[in-house]
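Working from the sequences, and respecting the hints, build out all of it.
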Amino acid sequence: MNINANRRMKEWRVFTKIVETQSITLAAAAMYIEPSTVSKSLSLLESELGIILIERSTRNIKVTQTGMEIYERVKVIIHDMDFFTNEILEKKNNIEGVLRIAAPTIICEFLLPEWILEFQHIHKHVYFYIRAFDKYTELSPHDYDIIIRTVFFTRKSMVCHKMDNLNLIMCASQSYIERNPTINHPKDLLNNLTLNLSHQSLSYPIILKKQHEVYHLHKSDSKINTDNILSQFNLMLKGKVIAVATPSWLAYDYLHNEKIERLLPDWQIAELPIFILWRPRKIYSKLFLEFVDFLADAWGKRNKIEN
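Numbers 1 to 307, taken from full-length UniProt numbering, label the letters of the sequence shown in order.
Hints listed in this document are in silico derivations from the structure and should not be mistaken for laboratory results. These numbers were taken from a predicted model, which means no experiment stands behind them. Backbone N, C-alpha and C fix where the C-beta goes; we use that ideal spot for every residue, glycine too. Keep in mind that a hint or two might mislead.
As the list claims (entries may be wrong) - Between beta-carbon pairs, the in silico distance windows are:
no.	residue 1	residue 2	range
1	HIS123	VAL151	26 to 34 Å
2	VAL151	TYR32	51 to 59 Å
3	MET158	HIS256	36 to 44 Å
4	HIS121	ILE51	15 to 23 Å
5	ILE51	ARG7	12 to 20 Å
6	HIS79	ASP164	41 to 49 Å
7	SER23	ASP164	50 to 58 Å
8	GLN268	SER140	35 to 43 Å
Below is the structure:
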């Protein structure tokens, strides 16, 4: 668009605003310019067209019949042009595209789908491919845009962003508690059937702390060890075992519905760090940046039992 055409478009906008406000002063205020600038723009437009659009006196203005006919046509053009411009800008700023995410199986089963649905409710043109894994060695990191894991990644080929820690609790079903010896101290676990979680982020012995008292729970203290959190949790729900290290978000609803009971609540188990990994890039898409922030926020807001 050349300079004259650009100036003329501004003059048409000034003209329509005068007609709509019925005042040069109010038109100037609405457009954040001086009244003298409004008057000058109107005069230039009338001079170029060779017609009077608005009759002006010291007190009043009156739109001529020709001016009103032109206004009815110009306002439609301006509206359509603004709508078209906004449509282009909205499309440009839309968050859309595809993200490939890998996460531990338990997060994929219980948390991630709900978060993704919430994100897609806001951003309707985003698509996800989800891969659940139990061991990080199963993955080829470069096949995914985002990876959630519980072990810090030291390779320079990946960015490692720490999220809120995962806190663990010990719990058992009411039926188990009623049938088995009372547990008042970690050493009482030796007289019970416990199921330990074998996890690469969970070092043994598990250290339980209560103020200045420390107790070490060894793998050999349990007859069953598993790397599957859900199998541990399901056996605990059925009243078969004590789940030694259960993510508090997984137990949250069951605890509040009094289906299970937290054991040794005064004793703290070391929390597990949680990380988001991704490949470094020179430029990150708006979708990627938005979802990483959303993911960290959703994880931080999950239901959990504070230690």
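Hints versus structure:
1. At roughly 30 Å, the beta carbons of HIS123 and VAL151 sit within the given window of 26 to 34 Å.
2. The hinted range of 51 to 59 Å is satisfied by VAL151 and TYR32, whose Cβ atoms lie roughly 56 Å apart.
3. Separated by about 37 Å at the C-beta atoms, MET158 and HIS256 satisfy the suggested range of 36 to 44 Å.
4. Checked against the hint of 15 to 23 Å, the pair HIS121 and ILE51 fails, with Cβ atoms roughly 53 Å apart.
5. A hinted range of 12 to 20 Å holds for the C-beta pair ILE51 and ARG7, which are about 18 Å apart.
6. Restraint check, HIS79 to ASP164: a C-beta distance of roughly 48 Å satisfies the suggested window 41 to 49 Å.
7. Under the hint 50 to 58 Å, the C-beta atoms of SER23 and ASP164, about 57 Å apart, fit the expected range.
8. A hinted range of 35 to 43 Å holds for the C-beta pair GLN268 and SER140, which are about 37 Å apart.
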